[in-house]
Every structure is written in C-alpha cells, then in structure tokens.
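Trainee: Taken in sequence, the protein lines are chains S and Y. To convert, note that position 181 of the first sequence is 181 in this note's numbering; the numbers rise steadily by one, no gaps. To convert, note that position 13 of the second sequence is 13 in this note's numbering; the numbers rise steadily by one, no gaps.
To be clear, the hints were calculated from the coordinates, so they are not data collected in a lab. Here a beta-carbon is modelled for each residue, glycine too, at the ideal position from N, C-alpha and C. Some clues are possibly wrong.
No farther apart than 30 angstroms at their CA atoms in a straight line, the calculated lysine-lysine pairs in the DSBU-like style are these [said to hold, decoys possible]:
(1) Y:2 with S:254
(2) S:200 with S:18
(3) Y:2 with Y:264
(4) Y:264 with Y:18
(5) Y:264 with Y:254
(6) S:18 with S:196
(7) S:264 with Y:196
(8) S:2 with S:264
(9) S:2 with Y:196
(10) S:18 with Y:200
(11) S:254 with S:264
(12) Y:200 with Y:18
(13) S:2 with Y:254
(14) Y:200 with S:2
(15) S:200 with Y:2
(16) S:2 with Y:264
(17) Y:18 with S:200
(18) S:196 with Y:2
Now the stretches of chain S that chain Y is said to cover, found in silico as 3 or more residues with beta-carbon under 8 angstroms [said to hold, decoys possible]:
(19) 106-116
(20) 179-193
(21) 220-227
2 protein chains.
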Amino acid sequence: MKAFVPSHITGFFAAHRKSDPLESGSVGCGLNLCLGATTTVERSEETVILLNGLPNQAPVSRMVVESLAPCPVVVDTRLPMPEGAGFGASGAGALGCAYALNACFDLGLTCNQAAAVAHRAEVTCRTGLGDVIAQNTGGLVIRLQPGAPGRGVVDRIPTPPLPVHYVVRGPISTSEVLSDEALMRSVNRLGERCLKALLKRPTLPEFMRLSRLFATETGLARPWAVEAMEAVEAGGGQASMIMLGDAIFSFGAKEALQEFGEVKTTMVSERGASLD
Amino acid sequence: MKAFVPSHITGFFAAHRKSDPLESGSVGCGLNLCLGATTTVERSEETVILLNGLPNQAPVSRMVVESLAPCPVVVDTRLPMPEGAGFGASGAGALGCAYALNACFDLGLTCNQAAAVAHRAEVTCRTGLGDVIAQNTGGLVIRLQPGAPGRGVVDRIPTPPLPVHYVVRGPISTSEVLSDEALMRSVNRLGERCLKALLKRPTLPEFMRLSRLFATETGLARPWAVEAMEAVEAGGGQASMIMLGDAIFSFGAKEALQEFGEVKTTMVSERGASLD
Numbered sequence: 001m002k003a004f005v006p007s008h009i010t011g012f013f014a015a016h017r018k019s020d021p022l023e024s025g026s027v028g029c030g031l032n033l034c035l036g037a038t039t040t041v042e043r044s045e046e047t048v049i050l051l052n053g054l055p056n057q058a059p060v061s062r063m064v065v066e067s068l069a070p071c072p073v074v075v076d077t078r079l080p081m082p083e084g085a086g087f088g089a090s091g092a093g094a095l096g097c098a099y100a101l102n103a104c105f106d107l108g109l110t111c112n113q114a115a116a117v118a119h120r121a122e123v124t125c126r127t128g129l130g131d132v133i134a135q136n137t138g139g140l141v142i143r144l145q146p147g148a149p150g151r152g153v154v155d156r157i158p159t160p161p162l163p164v165h166y167v168v169r170g171p172i173s174t175s176e177v178l179s180d181e182a183l184m185r186s187v188n189r190l191g192e193r194c195l196k197a198l199l200k201r202p203t204l205p206e207f208m209r210l211s212r213l214f215a216t217e218t219g220l221a222r223p224w225a226v227e228a229m230e231a232v233e234a235g236g237g238q239a240s241m242i243m244l245g246d247a248i249f250s251f252g253a254k255e256a257l258q259e260f261g262e263v264k265t266t267m268v269s270e271r272g273a274s275l276d
Numbered sequence: 001m002k003a004f005v006p007s008h009i010t011g012f013f014a015a016h017r018k019s020d021p022l023e024s025g026s027v028g029c030g031l032n033l034c035l036g037a038t039t040t041v042e043r044s045e046e047t048v049i050l051l052n053g054l055p056n057q058a059p060v061s062r063m064v065v066e067s068l069a070p071c072p073v074v075v076d077t078r079l080p081m082p083e084g085a086g087f088g089a090s091g092a093g094a095l096g097c098a099y100a101l102n103a104c105f106d107l108g109l110t111c112n113q114a115a116a117v118a119h120r121a122e123v124t125c126r127t128g129l130g131d132v133i134a135q136n137t138g139g140l141v142i143r144l145q146p147g148a149p150g151r152g153v154v155d156r157i158p159t160p161p162l163p164v165h166y167v168v169r170g171p172i173s174t175s176e177v178l179s180d181e182a183l184m185r186s187v188n189r190l191g192e193r194c195l196k197a198l199l200k201r202p203t204l205p206e207f208m209r210l211s212r213l214f215a216t217e218t219g220l221a222r223p224w225a226v227e228a229m230e231a232v233e234a235g236g237g238q239a240s241m242i243m244l245g246d247a248i249f250s251f252g253a254k255e256a257l258q259e260f261g262e263v264k265t266t267m268v269s270e271r272g273a274s275l276d
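Construct the complete structure from the given sequences, taking the supplied hints into account.
Mentor: Here it is, written out as structure tokens:
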C-alpha cells in the first residue's frame, strides 16, 4: 500500500502557535501540486527512514513512526520536490508516513486522525504549521481557522488542473523565520489582512494578487524574486513567492521566468493525501 | 469549463431535518464513485437544462440556476449513473451546476459556498440530505454532523482506488422513505447506532459490515438483495444495499453477483467535485 501526498506551496499565512500542537497551526491560503511524495512502509528488524533511497534522520517522519508503528519499520519516501524551499516536503513525508502506517498495520484511523499525528510532529519539530491540513485536503486551500486536521477549518477555491511554473534558487529556514519575533509580527498582521481580503473575493487571481502583496510587503521576497514577479506580470501572467523558500511560482508567462533560473512545471492537484 | 461530480452511495444514515435547509442534513457514511456527472454551462436566450442531451425539468438543478445564474443559461449535464437508485444523481447534477455556474460567471464562491447552494436545493426538493456534502469531499466519507457543506462536519476513511461492483434492479423513492415517519424512526435509530460503532473502528470492512446490518435491520433491503449480500459474503467479498435504491454494491466476489442481474464495475473516487 502506497500513500500519495501532494506538494503544498503557501501564498500567505499568519501563524497561530499555542502550547498544544493540535491547537497550533496557521491561517492563510496555499496550493497543492501534483509533484507529490509517495511513501511505503514495511515491517523490519530496525527502524530506517529512507528519503529518496538514502537513510535519513527525517525527524518529522520519525516522530510519526514513534507515535504509530507497533514494531520497527522501513519507511521509503520518494520526494520529487525541492526540500526546504516551501513545497511542504517534511509535511508530505510525515503525512504519507501516517497514511502508510495506518494502512500497513490496519490502525483504524480516519484521514483526519492520521493527519493530526503528522501535524503534531510537524508543529513540534517547527518545520511547518499549515502544510499538513492543506495537503490532507487537496486543491487551492483556504485555512480559515488554525489547528490540526479535524480541528482547523478549511475551504477550497475551485481551480481547474492548470499548469504551475516555478523557479527555485534555494531554501529558506522555516524555523528561523518562525523564531524572528519582529518579522513574525509583521507577517501575522499582513497574513490576517490578506485572508480577510481573499474571503471577500475567493478566486485564483485574487489569491495570486494577495500572495504577491504579502511577499513584497513582509520583505520576505528577495530582489530577484520581485523582479521575476514583475516580469511574469508584464508577460500577462501572475506570480508570487513560495512561502517559505527562495523560490517563486507562476500561472502563465513561463517564458518570462526563464532568465531567473531553471523553470519547472507541474499542475494544480485537486487530489489530497490518499492511498494508491 | 466543465465540472465533475462523483456518484455517491450511502451505506447507512440518520436524517436530521430542520426548518433551515442549511442546518438540515444527515449523518452516516457513504462512498464516492468514479462513475461521475459532468456539467457545462453556457449563456443562452432562455434557460434549458439538458440531462444526457434531453431537456428536463430537473427541479434541483433548476433551483441552483435560479439562485446563481445572472442570465438565462443552457446547462448540459451528463449523468452516466442510474437515476433514482441511490447514486446521488440529483445531487451530482445540482452540485456540478453550482460549480459550473461559479466558474462561467466568475461568481467568486468557494467550494463550500457553491456546494451549499446545491445542498439547499436538494434538501428543499426532498431528493436527498447528505449526498452533496459527501460528493464535495470525495472518498469514503463519514458525515459526523449534519448540515450543508461548511456547516456539517465530515471525515474520511482512507481507501485505495478499489473496484466496486453493483447491480441495480430499480429505483426507490427517497422522498417516500423520508416521509414515512415510522420507518424513519427506525432508520434514524439504527443509523445513529451504526455511526457510533463505525467511529470505534473506522475502516472499509467495518463500513461494509455496518451498512449490511443497517440494510437488513431497517427492512429496507428486499429479499433478492439480502440473498445477493449472502452470496457475495460466501464468495469472500462484502456487499450491502445502496441507500436509497433497489440496488446493491460489493467489494470483491463479482461472480457471486451475476445471478442477481447485470453487474457493472466502477472505482472508489478520492476525487470530489472539481473543475476539469
């Protein structure tokens, strides 16, 4: 039994950190991508977590294994997305791990229950706050109320399976940004404002417009990224920054992105976490 | 822009009817199937609703058009599923209509907001109570709290895309069953009991076992359907009745079904209502 989890890129967010990881989370809006992780699980003599074929500490997935596995296991996760660049790779690994363990050992968890274990691990390791609940849903997800899957509240913006282009220059440390209190105050203020604005007109173009505003006004977007967004806009598309990575994504105007790095293309994934 | 909506077959349910259609709904559990409706919408001189190419009163879809369309439209819905046999055809038509109108006229509704319009129409026309929220989700859906999408609460049971076999003998009138007070008292009592039992062990086999119990103990299953369930079980599969149709569905043991009618096969659909 194989578990699939899409990449998830956040456009804007506001963090809500509480003492209980299941109450912690973020509000905001982000997009699930077909570029997804797959995870299989097998009983074993000792626990080993393989990321793209190589043994890895993988602390988030490991915490899920420690919570759910009744015996040692080999977890084999394929992550085709860039790591540390805002694609929700750690959430995808942890969520796939929870689904695969649930199926392998017939644990009898619902989707939200399995996903809540992955959310708790992600929040505890400070690798993310909102990816897991969005990846558990699929599509273009609005996170209305923070919290683990089953506690947080989400809705979706209907979006056809359009191509999404992206350029990645490198990682940004999520835990560093989340720990910078002055930055986070401005992020949270702007994130809440963008969410309020999106709810007045929840459409894909409005999501892109607000994400771009958030990326520039928080100062998170580096100069090349701002230039790239402007180039895409001049080419008739819409682009914004991937939160949190030194990376941008766009709808349309692929050619305008080419001078900024290697352009890759995937699709919007309506499919959320699920078994293959 | 084309909208896709899966078929939805309920295994067991308890009705919750309130004066507000958005507060009305049902709890229970059901399965989304790949056998899905597709709907397109176009501006027109006068409003016409086509079901499988033929003009139809289609009261549920019509109510959605009256709620959402800013001008006359032609709605073209293809329904490959049997009608009136518990596949949620009216919900699929109405929900597809809401998604397609939202896309065609750029209405700026979220998935839950569009689906709530379809839910209200379905409840008002007394054609169903829980299909729309389940079809809006995809997969094997537990309806935990009744209500329209965005108000009702759902979770899912992780299920791989397995083949589902079904035999349909004919329709059962949903509105007749919902109007029979004595029957509904027993349906509701049993439906709540099955939900409680499912939540102790939310797995696909347990869903099938409880659905079968519900079908026989409510007396809704006709003698041929009970025989067919027993035959599937003897063949190593699991079967139950489709609520509400004179029809059964099974996982496994396809050959055991053949003496009861034409056996068709589709797949579990993790994909819920979405744009193509």
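Trainee: So, for every hint listed, does it hold in this structure?
Mentor: Okay, the hints, checked on the actual structure:
no., hint, result
1, Y:2 with S:254, "holds (25 angstroms)"
2, S:200 with S:18, "holds (28 angstroms)"
3, Y:2 with Y:264, "holds (25 angstroms)"
4, Y:264 with Y:18, "violated (37 angstroms)"
5, Y:264 with Y:254, "holds (9 angstroms)"
6, S:18 with S:196, "holds (22 angstroms)"
7, S:264 with Y:196, "violated (47 angstroms)"
8, S:2 with S:264, "holds (25 angstroms)"
9, S:2 with Y:196, "holds (29 angstroms)"
10, S:18 with Y:200, "holds (29 angstroms)"
11, S:254 with S:264, "holds (9 angstroms)"
12, Y:200 with Y:18, "holds (28 angstroms)"
13, S:2 with Y:254, "holds (25 angstroms)"
14, Y:200 with S:2, "holds (25 angstroms)"
15, S:200 with Y:2, "holds (25 angstroms)"
16, S:2 with Y:264, "holds (27 angstroms)"
17, Y:18 with S:200, "holds (29 angstroms)"
18, S:196 with Y:2, "holds (29 angstroms)"
19, 106-116, "holds (count 8)"
20, 179-193, "violated (count 0)"
21, 220-227, "violated (count 0)"
Violated hints, listed in ascending order, are 4, 7, 20, 21; each of the other numbered hints is respected by the structure.
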